[in-house]
Amino acid sequence: AVVSTQSGHYGRGLHIYFCFVASFSALVSSLTFSIMKIYLLGICCLLVLTGLGRAEDEEVDIDGIVEEDLGKSTIGSKTDDETVEREEEAIKLDGLNVSQMKAMRDGSEKHHYQAEVNRMMKLIINSLYRNKEIFLRELISNASDALDKIRFMSLTDPNVLAATADLKVMIKPDRENHALHIIDTGIGMTHADLVKNLGTIAKSGTSEFLAKMDDGETMNSDLIGQFGVGFYSSFLVADTVVVTTKHNDDEQLIWESDASSFTVSKDPRGDTLGRGTQISLFMKEEAYDYLEENTIKDLVKKYSQFINFPIHLWTSKTEQVEEPVEEEEKAESKEGETDDDVKVEDEDDEKPKVKVVDKTVYDWEAMNDNKPIWLRAPKDVEQEDYNAFYKSFSKDTDEPLAHVHFSAEGEVTFRSILYVPKTAAHDLYQDYGKATDNIKMYVKRVFITDDFEEMMPKYLSFIKGVVDSDDLPLNVSRETLQQNK
Numbered sequence: 009a010v011v012s013t014q015s016g017h018y019g020r021g022l023h024i025y026f027c028f029v030a031s032f033s034a035l036v037s038s039l040t041f042s043i044m045k046i047y048l049l050g051i052c053c054l055l056v057l058t059g060l061g062r063a064e065d066e067e068v069d070i071d072g073i074v075e076e077d078l079g080k081s082t083i084g085s086k087t088d089d090e091t092v093e094r095e096e097e098a099i100k101l102d103g104l105n106v107s108q109m110k111a112m113r114d115g116s117e118k119h120h121y122q123a124e125v126n127r128m129m130k131l132i133i134n135s136l137y138r139n140k141e142i143f144l145r146e147l148i149s150n151a152s153d154a155l156d157k158i159r160f161m162s163l164t165d166p167n168v169l170a171a172t173a174d175l176k177v178m179i180k181p182d183r184e185n186h187a188l189h190i191i192d193t194g195i196g197m198t199h200a201d202l203v204k205n206l207g208t209i210a211k212s213g214t215s216e217f218l219a220k221m222d223d224g225e226t227m228n229s230d231l232i233g234q235f236g237v238g239f240y241s242s243f244l245v246a247d248t249v250v251v252t253t254k255h256n257d258d259e260q261l262i263w264e265s266d267a268s269s270f271t272v273s274k275d276p277r278g279d280t281l282g283r284g285t286q287i288s289l290f291m292k293e294e295a296y297d298y299l300e301e302n303t304i305k306d307l308v309k310k311y312s313q314f315i316n317f318p319i320h321l322w323t324s325k326t327e328q329v330e331e332p333v334e335e336e337e338k339a340e341s342k343e344g345e346t347d348d349d350v351k352v353e354d355e356d357d358e359k360p361k362v363k364v365v366d367k368t369v370y371d372w373e374a375m376n377d378n379k380p381i382w383l384r385a386p387k388d389v390e391q392e393d394y395n396a397f398y399k400s401f402s403k404d405t406d407e408p409l410a411h412v413h414f415s416a417e418g419e420v421t422f423r424s425i426l427y428v429p430k431t432a433a434h435d436l437y438q439d440y441g442k443a444t445d446n447i448k449m450y451v452k453r454v455f456i457t458d459d460f461e462e463m464m465p466k467y468l469s470f471i472k473g474v475v476d477s478d479d480l481p482l483n484v485s486r487e488t489l490q491q492n493k
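Just so we're aligned: the sequence shown equals residues 9 to 493 in our numbering.
Read the hints as simulated data drawn from the structure, not as lab findings.
Errors might be hidden in some of the hints.
Said to hold, decoys possible - Result set (SDA-like, lysine to any residue): computed pairs, CA atoms no more than 20 Å apart in a straight line: (1) K430 <-> S402; (2) K140 <-> T457; (3) K310 <-> D258; (4) K310 <-> E373; (5) K403 <-> F422; (6) K325 <-> E293; (7) K204 <-> L261; (8) K403 <-> A433.
The model shown is predicted, which means the values in this text are computed figures rather than measured ones.
When you get a sec, could you build the whole thing from the sequences and use the hints?
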């Protein structure tokens with residue numbers, strides 16, 4: 009009985025305890041929720057008061073004036089003025105204004121390369137050429153062919169040179185717009201020529217020209233192109249190629265391509281070339297070095313210095329020139345002068361005041377003054393000419409010890425001049441057997457290779473000279489010789 013009585017008291021105590029705990033927890037929860045509501049309400053009130061304070065501090069533009077640059081800072085919203093500026097900036101590269109470009113694009117004919125041609129284009133750009141610098145050699149060779157064609161036609165019809173009788177190649181780099189222009193005063197191209205020759209891979213206009221001539225064999229020694237792919241080496245260094253051309257039998261036209269398609273249109277500027285072709289390469293970023301004067305000079309000297317026609321490069325140089333001193337500068341210089349200085353100046357008042365300033369001057373510079381003397385008969389070449397030619401290509405300051413000038417005819421015809429240096433190279437015996445580049449191989453006066461390891465005995469590696477042939481077989485890229493007996 010005593011035990012049951014104690015258990016009953018113990019159970020009622022636990023019940024009272026749990027009731028107390030539950031009531032206390034409910035009270036705490038209620039108080040916490042109330043505090044949180046008060047806290048959130050206070051934050052809302054604070055934000056409202058802050059917003060009202062800022063609104064009172066700001067002035068309202070009652071007149072409703074809109075700022076001029078509204079929307080210019082956002083990418084998705086551009087004004088018409090900005091669009092025009094961007095168009096003018098892009099068009100400025102080609103020397104056309106907005107209206108001329110719009111007229112040209114509206115009247116352009118768009119052509120797509122065939123699927124097979126597209127694959128061939130990729131092969132040419134990515135696999136055919138080992139060296140990107142080849143593009144300049146190919147374009148200068150094409151320009152030389154165009155000049156040879158118009159010169160040949162002028163023999164029977166002098167009127168074809170009515171526009172200009174000055175046959176030359178001009179190279180003009182434009183570093184500001186990342187463009188390189190190669191200009192010639194050759195035969196030019198008609199609309200049909202642009203579509204047929206530039207729109208078809210491996211279509212050689214030179215080969216077709218030779219086929220039409222009755223005495224094509226006589227012209228074969230001058231014309232260079234034969235495969236019809238050299239032009240497309242332009243895309244090794246350029247994203248976009250624009251060809252502006254004027255033929256005597258057609259109006260001035262513009263051909264433009266990005267290597268996937270091309271357009272042909274009438275040039276809205278009219279006849280600005282007179283006659284000839286201008287190839288404009290808009291260079292890739294990794295090819296900007298080919299816009300430098302020194303790089304272009306080195307490439308022309310390496311590959312094309314013996315082209316029949318003059319090659320000119322648009323160059324800049326800094327000169328010191330005298331300019332008259334303006335009146336304001338004279339007045340400033342007189343401040344602080346003594347009476348003695350004034351007396352001396354009075355004696356020289358009659359002499360105009362000048363100052364020396366640096367000025368950048370632009371002009372055309374000839375790149376190929378050296379002539380291919382091996383094309384002349386040995387009896388017509390003086391010893392001084394042989395010595396000057398040797399120094400020009402060998403970089404040797406001494407005159408040669410001996411030379412031989414000869415030509416060979418047979419299965420392969422070639423001309424050559426070989427020199428024996430006056431002094432042997434300091435590493436002649438240490439580097440015995442190593443490949444040298446002392447002999448340069450030219451085909452139709454265009455540099456092809458200096459790899460003569462299989463043609464020249466090792467013990468004659470000190471011999472220097474040039475070999476030029478008109479009928480050596482070349483591979484399509486014209487970088488190496490084909491295997492030939």
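- Starting from the hint list further up, note which numbers the structure goes against and sort them upward. Numbers 3, 5 and 6, in rising order.
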